[in-house]
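Asks: Working from the sequences, and respecting the hints, build out all of it.
There are 2 protein chains.
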Amino acid sequence: MKVLVLGGDGFCGWPCATNLADVGHDVVIVDNLSRRKIDIDLGVESLTPIATVRDRLTAWEQVGGAPIRFEHLDIAKDYERLLELLRQEKPDAVVHFAEQRAAPYSMKSSGTKRYTVDNNVNGTHNLLAAIVESGQDIHIVHLGTMGVYGYGSHRGATIPEGYLTVEVPQPDGSRFTEKILHPANPGSVYHMTKTLDQLLFFYYNKNDNIRITDLHQGIVWGTNTALTEKDPRLTNRFDYDGDYGTVLNRFLMQAAIGYPLTVHGTGGQTRAFIHIRDSVRCVQLALENPPSHGERVKIFNQMTESHRVADLAEKVAALTGAQINYLSNPRNEAVENDLIVDNRCFIELGLSPTTLDDGLLTEVVDVARRWADRCDRSRIPCLSAWTRRQAAALASPA
Amino acid sequence: MKVLVLGGDGFCGWPCATNLADVGHDVVIVDNLSRRKIDIDLGVESLTPIATVRDRLTAWEQVGGAPIRFEHLDIAKDYERLLELLRQEKPDAVVHFAEQRAAPYSMKSSGTKRYTVDNNVNGTHNLLAAIVESGQDIHIVHLGTMGVYGYGSHRGATIPEGYLTVEVPQPDGSRFTEKILHPANPGSVYHMTKTLDQLLFFYYNKNDNIRITDLHQGIVWGTNTALTEKDPRLTNRFDYDGDYGTVLNRFLMQAAIGYPLTVHGTGGQTRAFIHIRDSVRCVQLALENPPSHGERVKIFNQMTESHRVADLAEKVAALTGAQINYLSNPRNEAVENDLIVDNRCFIELGLSPTTLDDGLLTEVVDVARRWADRCDRSRIPCLSAWTRRQAAALASPA
Numbered sequence: 001m002k003v004l005v006l007g008g009d010g011f012c013g014w015p016c017a018t019n020l021a022d023v024g025h026d027v028v029i030v031d032n033l034s035r036r037k038i039d040i041d042l043g044v045e046s047l048t049p050i051a052t053v054r055d056r057l058t059a060w061e062q063v064g065g066a067p068i069r070f071e072h073l074d075i076a077k078d079y080e081r082l083l084e085l086l087r088q089e090k091p092d093a094v095v096h097f098a099e100q101r102a103a104p105y106s107m108k109s110s111g112t113k114r115y116t117v118d119n120n121v122n123g124t125h126n127l128l129a130a131i132v133e134s135g136q137d138i139h140i141v142h143l144g145t146m147g148v149y150g151y152g153s154h155r156g157a158t159i160p161e162g163y164l165t166v167e168v169p170q171p172d173g174s175r176f177t178e179k180i181l182h183p184a185n186p187g188s189v190y191h192m193t194k195t196l197d198q199l200l201f202f203y204y205n206k207n208d209n210i211r212i213t214d215l216h217q218g219i220v221w222g223t224n225t226a227l228t229e230k231d232p233r234l235t236n237r238f239d240y241d242g243d244y245g246t247v248l249n250r251f252l253m254q255a256a257i258g259y260p261l262t263v264h265g266t267g268g269q270t271r272a273f274i275h276i277r278d279s280v281r282c283v284q285l286a287l288e289n290p291p292s293h294g295e296r297v298k299i300f301n302q303m304t305e306s307h308r309v310a311d312l313a314e315k316v317a318a319l320t321g322a323q324i325n326y327l328s329n330p331r332n333e334a335v336e337n338d339l340i341v342d343n344r345c346f347i348e349l350g351l352s353p354t355t356l357d358d359g360l361l362t363e364v365v366d367v368a369r370r371w372a373d374r375c376d377r378s379r380i381p382c383l384s385a386w387t388r389r390q391a392a393a394l395a396s397p398a
Numbered sequence: 001m002k003v004l005v006l007g008g009d010g011f012c013g014w015p016c017a018t019n020l021a022d023v024g025h026d027v028v029i030v031d032n033l034s035r036r037k038i039d040i041d042l043g044v045e046s047l048t049p050i051a052t053v054r055d056r057l058t059a060w061e062q063v064g065g066a067p068i069r070f071e072h073l074d075i076a077k078d079y080e081r082l083l084e085l086l087r088q089e090k091p092d093a094v095v096h097f098a099e100q101r102a103a104p105y106s107m108k109s110s111g112t113k114r115y116t117v118d119n120n121v122n123g124t125h126n127l128l129a130a131i132v133e134s135g136q137d138i139h140i141v142h143l144g145t146m147g148v149y150g151y152g153s154h155r156g157a158t159i160p161e162g163y164l165t166v167e168v169p170q171p172d173g174s175r176f177t178e179k180i181l182h183p184a185n186p187g188s189v190y191h192m193t194k195t196l197d198q199l200l201f202f203y204y205n206k207n208d209n210i211r212i213t214d215l216h217q218g219i220v221w222g223t224n225t226a227l228t229e230k231d232p233r234l235t236n237r238f239d240y241d242g243d244y245g246t247v248l249n250r251f252l253m254q255a256a257i258g259y260p261l262t263v264h265g266t267g268g269q270t271r272a273f274i275h276i277r278d279s280v281r282c283v284q285l286a287l288e289n290p291p292s293h294g295e296r297v298k299i300f301n302q303m304t305e306s307h308r309v310a311d312l313a314e315k316v317a318a319l320t321g322a323q324i325n326y327l328s329n330p331r332n333e334a335v336e337n338d339l340i341v342d343n344r345c346f347i348e349l350g351l352s353p354t355t356l357d358d359g360l361l362t363e364v365v366d367v368a369r370r371w372a373d374r375c376d377r378s379r380i381p382c383l384s385a386w387t388r389r390q391a392a393a394l395a396s397p398a
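Protein sequences, first through last, are from chains A and B.
Counting along the first sequence from 1, when you hit position 350 you're at 350 in my numbering, and nothing is skipped either side.
Counting along the second sequence from 1, when you hit position 268 you're at 268 in my numbering, and nothing is skipped either side.
Please note that the accuracy of each hint is not assured.
Stated by the list, open to error - Derived pair list, reagent style SDA-like, types lysine to any residue, alpha-carbon separation capped at 25 angstroms: (1) Lys77/A with Glu333/B; (2) Lys179/A with Leu383/B; (3) Lys179/B with Glu84/A; (4) Lys2/B with His72/B; (5) Lys90/A with Val53/A; (6) Lys77/B with Asp342/A; (7) Lys77/B with Glu89/B; (8) Lys179/A with His154/B; (9) Lys179/A with Arg155/B; (10) Lys206/A with Arg155/B; (11) Lys108/B with Asn209/A; (12) Lys179/B with Asp342/A; (13) Lys77/A with Asn119/B; (14) Lys179/A with Glu161/B; (15) Lys206/A with His72/B; (16) Lys108/B with Gly150/A; (17) Lys179/A with Pro160/B; (18) Lys206/A with Glu161/A; (19) Lys108/A with Pro160/B; (20) Lys2/A with Ala66/A; (21) Lys206/A with Leu383/B.
Everything labelled a hint here was simulated from the structure, so no lab data went into it.
Keep in mind the model is a prediction, meaning the values are calculated, not measured.
Replies: See the structure below:
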C-alpha cells in the first residue's frame with residue numbers, strides 16, 4: 001500500500017520507513033527535520049553519526065531497497081501543502097510520528113512547553129482536518145505513549161489497551177456499565193499532548209469516521225535494525241543527552257564510556273519497554289490490520305515488558321561493571337509504582353517479543369563504545385526540572 | 001481583588017467585566033477584538049448596535065462605574081506581552097473567556113476548525129505557562145461548556161459536576177473505586193477544544209498547583225444586565241446569525257421579526273440553559289470562592305434548567321404567535337436525548353436561578369423588535385454542515 005511516514009527521519013520513523021519499504025509498501029517520508037534542528041539548538045549530536053536524508057535515501061537504493069521519496073514539509077505549519085500532498089499521493093495510510101517526543105525537552109522552559117503543545121496539537125489536527133477535506137479514506141497509525149495512562153494508578157490494576165470498562169453507580173442505586181477511554185494522567189507537557197491527541201482522534205473518528213490506530217508505546221531501546229545496519233549511511237540516531245536520551249539506552253551508553261549510571265530518585269519507577277526492532281514490527285502490524293469502517297479508534301499497548309529503573313541499572317552494572325549514581329529526580333512523579341500492562345493485541349497479531357537479553361544489551365554497549373569519542377559528557381545530566389522545587393533540588397544536589 | 005478578564009469585550013465577557021467592577025473588583029479587560037473581526041469576515045453584525053471598547057469604557061465611567069482598563073492583546077499569539085502583563089498587574093485572578101466560542105463557526109471549513117483549535121488551545125496553554133513562569137499564585141476561572149459531557153449518555157443518568165465516581169472491575173474479580181474526570185464526548189471542534197482545555201487544566205493543576213475553576217456553562221440566553229442597560233453605549237451584543245446565534249435567543253429574535261422558528265431535526269435535543277444575568281453572577285461566585293491550594297480543579301455546572309429545543313420553540317410560538325419550521329439538522333448528534341444535570345455547587349454558593357419566565361422572554365423579543373431593521377434575514381440559516389452527508393442534506397432540504 002501507499003504510506004506516508006510523517007516524521008520518517010526520526011529515531012522511530014527512519015527504521016520504520018525502511019522496514020515498510022522492505023516489505024513492499026510504497027513509502028514517502030514527510031519530515032520538517034526539526035529533530036536535527038533541535039540538536040543544533042541544544043548543541044548536541046546523535047552519538048552515532050547520521051547521514052543526511054538525501055544520503056540515507058541514496059544509500060537505501062544502493063543496498064537494493066525500493067525507492068523511498070522525501071517531502072520536506074512541516075505539517076503543523078503548512079496545511080495547504082499537506083492537503084495537496086494527500087491529494088497527489090492518495091495514500092492508503094499515514095504513519096504519524098511527527099511530534100516533539102521528549103518529556104525533558106518539553107519541560108525545559110515555557111518556550112519548549114509552548115512549542116511542544118503548538119507543534120503536536122496543530123500537527124495532529126492539521127492531519128485530521130486535511131484527511132476530511134481531501135475526502136479520502138486514509139488510515140492513520142499514530143505513535144502515542146504509555147505515559148497517557150500515568151503511573152500512579154491502583155497497585156495491582158492492569159492497564160488495558162486504551163479503553164477501560166467501568167461501572168457507574170447512580171444516585172437512585174442503579175448502575176450502568178460503560179467502556180470509556182482510559183482516564184488520562186500525563187506526567188509532562190509532552191505526555192499531555194498525547195492525551196490531547198487522543199481526544200482529537202476520538203472526535204474525528206466519531207464525527208468523520210476516520211480510521212485510526214493509536215499506539216501507546218513504551219520506552220524504546222536499541223538503535224539499529226537489520227536494515228539500518230546494511231550501510232553506515234543508513235545508521236539510526238542514538239540519543240544519550242539529558243533531553244532526548246531514554247533511560248535504558250542512556251545506561252548502556254554510560255556503561256560504555258565509564259560514566260556512573262544516572263538513576264533519578266530511588267529508581268523505583270516501573271516503566272514499559274520495547275526494542276526498536278519490535279517497534280518497527282508493531283507499526284507494520286498496525287498498518288496491515290486497520291480498524292474496519294465505523295470502528296472506534298483502535299488502541300494498542302506497544303510494549304513487551306516492564307522493568308523497575310533501578311533493576312535495569314543493576315542489570316547493566318552487572319553486565320558491564322558500571323557504577324550507579326543516585327541523583328535527585330527532576331520529574332514530578334510517584335517515587336515508586338508497579339505497572340501491569342495488557343498487550344494482547346499485538347501478541348495476537350503475531351508479535352514475538354524481543355526481550356531484554358544480554359546479547360542485545362551488549363550490542364548497544366558496542367555501538368556506544370564505537371562512538372564513545374563523539375560523546376559530550378557535559379550533555380549527559382538531565383537539567384529540565386518539572387517544578388520550581390525540583391529546580392532548586394537540582395541546583396544543590398543531595 | 002485585581003482581576004484580568006480575558007475576552008472581556010465579548011458576549012459573556014463584557015457584562016461579566018462590568019459586574020465585577022460594580023461589586024468592587026479592580027478589572028482589566030484583555031481582548032484581541034477577534035469577535036468583532038469575525039463579524040466583519042462573516043459580513044454580519046450584532047443585532048444590537050455595540051459601541052467600541054473605548055466608548056464602552058468611557059460610558060461606564062460616565063454612569064459612575066469604577067474605571068475598567070483595556071489591554072489590546074492576543075493571548076494565543078503574544079505570549080511575551082501576556083507574561084509581562086501578569087508581572088505588571090499581579091492579578092489575584094484571571095477570568096478566561098478568550099476562546100472562539102461557536103460550534104457552527106468551528107465547523108464551517110477546515111480553516112475555521114484549525115483556527116478554533118490553534119486559538120483555543122494555545123490561548124489556554126499560554127495562560128497556564130505564563131502563570132507558571134511568573135511564579136505568581138493566580139486563580140483561573142475558565143468558561144467551559146456543558147458540551148464536554150456530550151448528550152448521548154445513558155438515559156436517566158445524572159451529569160455530575162465534572163468528576164464521575166466509577167468502579168473498575170479487575171480481571172481477578174476485585175474492583176476499585178475511582179473519581180475520574182467525566183469522560184469527554186464533544187459534539188463539534190469547538191466543544192472538543194474545551195475538552196482539551198480540561199486536560200491542560202488537569203495537568204497544570206497537578207504539576208504546578210495552579211488553582212483553577214472550570215465552569216461548564218449551558219446555552220446562554222438574554223442579552224443585557226441591569227448594568228449594561230444603564231447607557232446605550234454599554235449595550236451587550238446580540239447574535240442571531242447561523243454561526244454565533246444560540247438557540248433560544250434566535251427563536252425570540254425570529255419571533256420578533258416574523259421569521260419561522262428554525263428547529264433543526266426533530267427538536268428532541270435537550271440542552272442546558274442559563275440567563276446572562278445568572279452567568280455573570282456565577283462567574284463572580286466562582287471568583288470569590290476559589291479552590292484551596294492543593295485542591296484539584298474545581299468544576300461547576302453553570303446552568304439553571306434543561307429544555308427540549310422543540311418545547312422552547314412551542315413556548316416561544318405560544319407567546320408570540322410565531323410559526324415553527326422544522327429543518328434538516330446540520331449537526332452530527334443524537335436525534336433526541338434527555339439531560340439531568342447536577343448544579344448543586346452554585347446553588348449552595350447562593351445562586352438564585354433566573355428561570356425561563358414570560359417576562360424575561362418578552363424582554364428579549366422587545367430588544368429584537370427594537371433593532372429588527374438591523375437584521376439581515378439571509379444570515380439566519382445555519383449553513384455549517386458537520387459532515388459531508390449533512391452538507392448534501394442542507395443543499396437539498398427535505
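Asks: Work down the list of hints and note, for each, if the structure agrees.
Replies: Right, here's what the structure says about each hint:
no. : hint                   : verdict
1   : Lys77/A with Glu333/B  : violated, 31 angstroms
2   : Lys179/A with Leu383/B : violated, 34 angstroms
3   : Lys179/B with Glu84/A  : violated, 45 angstroms
4   : Lys2/B with His72/B    : holds, 18 angstroms
5   : Lys90/A with Val53/A   : holds, 23 angstroms
6   : Lys77/B with Asp342/A  : violated, 42 angstroms
7   : Lys77/B with Glu89/B   : holds, 20 angstroms
8   : Lys179/A with His154/B : holds, 12 angstroms
9   : Lys179/A with Arg155/B : holds, 16 angstroms
10  : Lys206/A with Arg155/B : holds, 20 angstroms
11  : Lys108/B with Asn209/A : holds, 18 angstroms
12  : Lys179/B with Asp342/A : holds, 22 angstroms
13  : Lys77/A with Asn119/B  : holds, 14 angstroms
14  : Lys179/A with Glu161/B : holds, 20 angstroms
15  : Lys206/A with His72/B  : violated, 38 angstroms
16  : Lys108/B with Gly150/A : violated, 36 angstroms
17  : Lys179/A with Pro160/B : holds, 18 angstroms
18  : Lys206/A with Glu161/A : holds, 19 angstroms
19  : Lys108/A with Pro160/B : violated, 37 angstroms
20  : Lys2/A with Ala66/A    : holds, 13 angstroms
21  : Lys206/A with Leu383/B : holds, 21 angstroms
Violated hints for the displayed structure, listed by number in ascending order: 1, 2, 3, 6, 15, 16 and 19.
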